[in-house]
Every structure is written in structure tokens, then in C-alpha cells.
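Spelled out from the first residue to the last, the chains are:
2 protein chains.
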Amino acid sequence: MNNIYIIGVGLIGGSLALDIKSNYKHAKIFGIDTNDSHLDEALDLSIIDQKATYTDLVNADLVVLSIPVDKAVLELPKILDAISDTTLVLDVGSTKNPICKAVSTHKNRRNFLATHPIAGTEFSGPKAAIHKLFQTKTNIICEVEKTTFKLQEKAMQLFSNLGMRIRYMNPEAHDKHIAYVSHLSHISSFMLGKTVIEKEKNERDIFDMAGSGFESTVRLAKSSPAMWTPIFKQNSANVIETLEEYINNLKQFKTLMESDDFDEIFNEMQNTNHIKSILNGIA
Amino acid sequence: MNNIYIIGVGLIGGSLALDIKSNYKHAKIFGIDTNDSHLDEALDLSIIDQKATYTDLVNADLVVLSIPVDKAVLELPKILDAISDTTLVLDVGSTKNPICKAVSTHKNRRNFLATHPIAGTEFSGPKAAIHKLFQTKTNIICEVEKTTFKLQEKAMQLFSNLGMRIRYMNPEAHDKHIAYVSHLSHISSFMLGKTVIEKEKNERDIFDMAGSGFESTVRLAKSSPAMWTPIFKQNSANVIETLEEYINNLKQFKTLMESDDFDEIFNEMQNTNHIKSILNGIA
Numbered sequence: 003m004n005n006i007y008i009i010g011v012g013l014i015g016g017s018l019a020l021d022i023k024s025n026y027k028h029a030k031i032f033g034i035d036t037n038d039s040h041l042d043e044a045l046d047l048s049i050i051d052q053k054a055t056y057t058d059l060v061n062a063d064l065v066v067l068s069i070p071v072d073k074a075v076l077e078l079p080k081i082l083d084a085i086s087d088t089t090l091v092l093d094v095g096s097t098k099n100p101i102c103k104a105v106s107t108h109k110n111r112r113n114f115l116a117t118h119p120i121a122g123t124e125f126s127g128p129k130a131a132i133h134k135l136f137q138t139k140t141n142i143i144c145e146v147e148k149t150t151f152k153l154q155e156k157a158m159q160l161f162s163n164l165g166m167r168i169r170y171m172n173p174e175a176h177d178k179h180i181a182y183v184s185h186l187s188h189i190s191s192f193m194l195g196k197t198v199i200e201k202e203k204n205e206r207d208i209f210d211m212a213g214s215g216f217e218s219t220v221r222l223a224k225s226s227p228a229m230w231t232p233i234f235k236q237n238s239a240n241v242i243e244t245l246e247e248y249i250n251n252l253k254q255f256k257t258l259m260e261s262d263d264f265d266e267i268f269n270e271m272q273n274t275n276h277i278k279s280i281l282n283g284i285a
Numbered sequence: 003m004n005n006i007y008i009i010g011v012g013l014i015g016g017s018l019a020l021d022i023k024s025n026y027k028h029a030k031i032f033g034i035d036t037n038d039s040h041l042d043e044a045l046d047l048s049i050i051d052q053k054a055t056y057t058d059l060v061n062a063d064l065v066v067l068s069i070p071v072d073k074a075v076l077e078l079p080k081i082l083d084a085i086s087d088t089t090l091v092l093d094v095g096s097t098k099n100p101i102c103k104a105v106s107t108h109k110n111r112r113n114f115l116a117t118h119p120i121a122g123t124e125f126s127g128p129k130a131a132i133h134k135l136f137q138t139k140t141n142i143i144c145e146v147e148k149t150t151f152k153l154q155e156k157a158m159q160l161f162s163n164l165g166m167r168i169r170y171m172n173p174e175a176h177d178k179h180i181a182y183v184s185h186l187s188h189i190s191s192f193m194l195g196k197t198v199i200e201k202e203k204n205e206r207d208i209f210d211m212a213g214s215g216f217e218s219t220v221r222l223a224k225s226s227p228a229m230w231t232p233i234f235k236q237n238s239a240n241v242i243e244t245l246e247e248y249i250n251n252l253k254q255f256k257t258l259m260e261s262d263d264f265d266e267i268f269n270e271m272q273n274t275n276h277i278k279s280i281l282n283g284i285a
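Chains U and E, in that order, give the protein sequences. All residue numbers for the first sequence refer to this note's numbering, where the first residue is 3 and numbers rise by one. All residue numbers for the second sequence refer to this note's numbering, where the first residue is 3 and numbers rise by one.
Worth flagging that the hints you see were computed from the coordinates, not collected in a lab. Fair warning: this is a prediction, and the values are worked out from it, not measured in the lab. Virtual Cβ for every residue (Gly too), placed ideally from N, Cα, C. Any given hint could be a false lead.
As the list claims (entries may be wrong) - The calculated PhoX-like cross-link candidates involving lysine-lysine, where the alpha carbons are at most 20 angstroms apart (straight line), are:
hint, chain 1, residue 1, chain 2, residue 2
1, U, Lys253, E, Lys256
2, U, Lys139, U, Lys23
3, E, Lys103, E, Lys235
4, E, Lys278, U, Lys201
5, U, Lys253, E, Lys139
6, E, Lys178, U, Lys256
7, U, Lys203, E, Lys278
8, E, Lys178, U, Lys203
9, E, Lys103, U, Lys201
10, E, Lys103, E, Lys178
11, E, Lys148, U, Lys201
12, E, Lys253, E, Lys139
13, U, Lys224, U, Lys201
14, E, Lys253, U, Lys256
15, E, Lys235, U, Lys256
16, U, Lys235, E, Lys256
What the hints assert, rightly or not - The following label-pair restraints were derived from C-beta to C-beta distances:
hint, chain 1, residue 1, chain 2, residue 2, range
17, U, Glu246, E, Ser48, 47 to 53 angstroms
18, E, Thr107, U, Ala228, 32 to 38 angstroms
19, U, Ile242, E, Phe125, 31 to 37 angstroms
20, U, Ser24, E, Thr36, 37 to 43 angstroms
21, U, Lys109, E, Asn273, 42 to 48 angstroms
22, E, Asn273, U, Lys278, 29 to 35 angstroms
23, E, Leu76, U, Ser162, 38 to 44 angstroms
24, E, Thr107, U, His276, 41 to 47 angstroms
25, E, Asn163, U, Ala175, 53 to 59 angstroms
26, U, His276, E, Gln52, 35 to 41 angstroms
Sequences and hints are given; from them, build the entire structure.
Laid out in C-alpha cells, this is it:
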């Protein structure tokens, strides 16, 4: 892999660029981004070697599409139009059904692999890019059978070099389950942040009382609205279902408190404690 | 300070013992605990030097009461009965109004200082004790004026040696605000864990899909129900109010999603993003 094109040089695209540079010494990294200042930053930070445009994609060995998911479904067909027969195109979005549907009948569908590396931080932009972000992380691959065998192999070699574990799922199952283990967490965190800010807006000192526990639960409320709004929109039916269940559980907890049933509150917490063993292994 | 008595040798009591040992080379640390195996563990780990009982408290320079808050309100009067005139007694519980009330008319009220060090982890027991847990952390002191001046001074010297920042509040304000920045976080985390476990109980592999974001938001769901149930009980009115507001914010978010108002969802998230600057400074 010599010519690598990163479309969207933010946290994920930038981190992939850094790791690809370390693993493929002869690779030249090209950056494409609607935000020109991000491209300049990425150049300054040596995340990319050169700016590029879609007309250059015909030379690409690998194209990584790492832009908000609403833009990704619009751009991917154009990218598949622009590449050569041997180009591998990956997306890395947090929803998989809409993007798989968007190119299901594209003549170059076989050049595309739908992936979701479960990695990231609450930060965004090229400055947020970090080395080895993907090491030991899970990468969920959807509709692998629709990608040509040679390009599957190339992708798996890349993920292996980056230290990732691979899981295969269909896009519908991915979107349903990721709503629980990722999208809902972001909403619970944003709404927790909102609740506390609303209450405490006149008493900023109060945040002196906040400890690492609060920091941990609201960390995701620092995430980018530009990235997350389209995710919630594309996965709206699944996310609404998870929210419904979460709200019901909170209401039930509140009812237990209102009826002074602290034995049952103890049980609720004890039953959930085994999240400890479930989470063993998550970095 | 030579004779230090730690009542409850868990995460907080044990960590305080470790730091006191480092700061007061001549101090002898005595442990008192209803759980004898915890005392043995604490001895093995050199957290305490010796087991003790309440009848020994007359020799204490310092008594740290670090047991669940429902037990603390019952034990504190007995402890104040047992000490000498020069003993400083600290509690470290996450609710402050009930314990201040429990001893408001005790003849040795002036020997007691109500504190809440905002420090901890999701783990519990003597094995969870760690060095320098309190460094740079906030310690909230309530009703400082009710403690004798000499013992106030002794306490402040201790907190300063441990590297803590001091904030003074009345117990009612403490309990009201801590419900937002600590107690609510624990419930949101427990209920998030519950929602995901319920949904995914037949598909344990799904947790392979969980990343560091999920781990961060459910971290507090590993916390001890024995510690947290009495906190919720003692602070029930405040916690119910925070839950009400949190649930309303989640419902409103769900309504926005159901009505496809993603512009407003973007705004909601952007408005909450400034939690970034608010949290600057929290470790």
C-alpha cells in the first residue's frame, strides 16, 4: 500500500494515518477535507504528507472515509466512482446500515468494506489524533462477503498490523446493538451534563464538588455534536428504543425511592454490579 | 498525632491510614471494623498496625469514621462518648445533614468535624486502599464553627499534609448539590448498566462491541450497594429531585428525536459541550 487517501483528517482519520505511517514505511498519506484549516493542521502535525482532491483517487491503494455519517452516505458513491479497480475503500462510521444501503447497487460495491473501529476519545479534529489508538480494540466488519476477496485480505492485513480484533456482523444487528453500548451512553452523558449545568448555572463553584466519578459519567458530553447528531438521526429507531428502556428503568428507580423500598434499590444495584465481570477486557 | 483510630478500614479509611502513615512517622494506626477479615487484610497490607475496640478510643488523638452513612449516624454518638477531651473525630460520609443532626446536642460535639473528601474509586474494601488518593482533591467541611478551634487547626494541618483543597459549606447545601454532582451520576450509571444487561443478556458477545466510552459511563455501576443504598436513603428528597430533572431531560431528548428535530438535538449537545471548560481542573 503506497498511496493512502484519508477523507476527513479528524480524530479517527488522523489516528489511522499515524498508524499507517508507522506500519507502511513507503506509504504516502494524502488528505482530503472540506475544512482546509484541518488539512493545514494535519500537514503541520505530519499526519498527512500532501493535500489532494477526488480526481486523485484513481491513484489510491486505500481510501479511508472518516467523516460524519450523514456526509459519508453522500460521498461514498462519488468516491467509488473515482477510484481504480484495485482500490480498497473503508468507512469507519458508527452506523452501518445506511452506508451499506447507499452503495448496495453501486458498480464498485466490491471495492468497499464497511467497518466500525470501536475506538476514540471525546475529542475531535486533527489535533485529537493519537498513535496506537486502535491497538487491542474491536473492529466490526459488516457485509464482508460483498467485498472482493483480494481487498478483504488487504484490509485484514491492515487491521492486524494495527493490532485490532475483528468481529463480523450484519449491518442491522450492528446498528441495533451499538445503540445500547455506545449511542445511549452518549445521550445519558449529555443529559447528565445538561441537568447539572441547568441546576448549577448560578453556582459555578459547585463544580468544585465534582469528583472523578462525575467526570467519568459526563466525559462523553464533550463529544462533537457535528459527529453525533447524524449518528442519532441515522439510527433513530434503535436509539429511541434504548432511550425508552433507559427512562423506564430510571422511573422505576425513582418510584422505589419514593416508596422507601431501599431493599429493592440495594438488589437493583447488586444485580447490576456484575457489569464488573462483563467489562473485564474493555480497555 | 500519635494514636490514630480508623473505624472502617475500606477504600477511604484505608487510604487515609496509608497517607497518615507517610505523613506522621510516629503515628500508630489502630483499626476497628465489624468485618474481622477486613481487619486481618488491613494488617497484612500494613494499612493498620493493630486491631482495637471502642474502649481504646480514650487514647485516640484522631478518630476517622469511614463506614456506610446509615451506620455512621448510629456509631458517632457512641464514639463521642468514648473519646478524651483532646480527641479529634472526623467522618468522611457522602451525606452531611443527617450526621450533623445526629450529634448536634452531644456534649462532645466540639470534638467532631464533619468532612466529605471528594475522592474515591469504584472499588471497596482494604485492598482498594491507595496512596495519595486525596492529593489535589476537594474536602468539603460542614459546620466548622461547631468544632473547637484547636481541633479545627489539627484537622486543617492533616488535610494540608494530604494535599487537599478545603471548601466550607453548610450541611443542607452540601447534600443538595452533591446529589447533582455525585449521587445522580451513580444512578445514571447503574441504570445504564441495567438497561444494557437486560437487553443483551442472551448475547454476551455484544459487550465486545463496547468501547471506552461505554466503560466510562458505566464505571460507577461497579460501586458498592452497601455503601450507596444508605446514601440514597439519607439524601432521598434531593436525589429524587435530581432524578426527576434528569428523566425530564431524557424525555425531552426522546421527543426531539421522535419529531425528527435534529437541529435542536445539535443545539442541546452544543450547549452541554461547555462542560469541557467547567470540568477543567477536575482530576
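Evaluated hints:
1. U/Lys253 with E/Lys256: 15 angstroms, holds
2. U/Lys139 with U/Lys23: 19 angstroms, holds
3. E/Lys103 with E/Lys235: Judged against 20 angstroms, a Cα distance of about 16 angstroms means the pair holds.
4. E/Lys278 with U/Lys201: Status holds; Cα separation ~17 angstroms.
5. U/Lys253 with E/Lys139: Since the Cα atoms of lysine 253 of chain U and lysine 139 of chain E sit roughly 33 angstroms apart, the hinted pair is violated (cutoff 20 angstroms).
6. E/Lys178 with U/Lys256: Status holds; Cα separation ~17 angstroms.
7. U/Lys203 with E/Lys278: The hint holds at about 14 angstroms.
8. E/Lys178 with U/Lys203: Roughly 14 angstroms separates the two Cα atoms, so the pair holds.
9. E/Lys103 with U/Lys201: 26 angstroms, violated
10. E/Lys103 with E/Lys178: Distance ~16 angstroms between lysine 103 of chain E and lysine 178 of chain E Cα, so the pair holds.
11. E/Lys148 with U/Lys201: 30 angstroms, violated
12. E/Lys253 with E/Lys139: 34 angstroms, violated
13. U/Lys224 with U/Lys201: Holds, at roughly 18 angstroms.
14. E/Lys253 with U/Lys256: At roughly 15 angstroms apart (the allowed maximum being 20 angstroms), lysine 256 of chain U and lysine 253 of chain E satisfy the hint.
15. E/Lys235 with U/Lys256: With a Cα-Cα distance of about 12 angstroms, the restraint between lysine 235 of chain E and lysine 256 of chain U holds, given a limit of 20 angstroms.
16. U/Lys235 with E/Lys256: Holds - the C-alpha atoms of lysine 256 of chain E and lysine 235 of chain U are around 12 angstroms apart, at most 20 angstroms.
17. U/Glu246 with E/Ser48: 47 to 53 angstroms: Because 51 angstroms falls inside the window, the suggested range holds.
18. E/Thr107 with U/Ala228: 32 to 38 angstroms: 58 angstroms, violated
19. U/Ile242 with E/Phe125: 31 to 37 angstroms: Given about 35 angstroms between the Cβ atoms, the range holds.
20. U/Ser24 with E/Thr36: 37 to 43 angstroms: Since serine 24 of chain U and threonine 36 of chain E have Cβ atoms about 55 angstroms apart, the given range 37 to 43 angstroms is violated.
21. U/Lys109 with E/Asn273: 42 to 48 angstroms: Given about 44 angstroms between the Cβ atoms, the range holds.
22. E/Asn273 with U/Lys278: 29 to 35 angstroms: 34 angstroms, holds
23. E/Leu76 with U/Ser162: 38 to 44 angstroms: Hint violated: Cβ distance 59 angstroms, outside 38 to 44 angstroms.
24. E/Thr107 with U/His276: 41 to 47 angstroms: 44 angstroms, holds
25. E/Asn163 with U/Ala175: 53 to 59 angstroms: 55 angstroms, holds
26. U/His276 with E/Gln52: 35 to 41 angstroms: Between histidine 276 of chain U and glutamine 52 of chain E, where Cβ atoms are some 36 angstroms apart, the hint holds.
When held up to the earlier numbered hints, the structure conflicts with 5, 9, 11, 12, 18, 20, 23 and fits the remainder.
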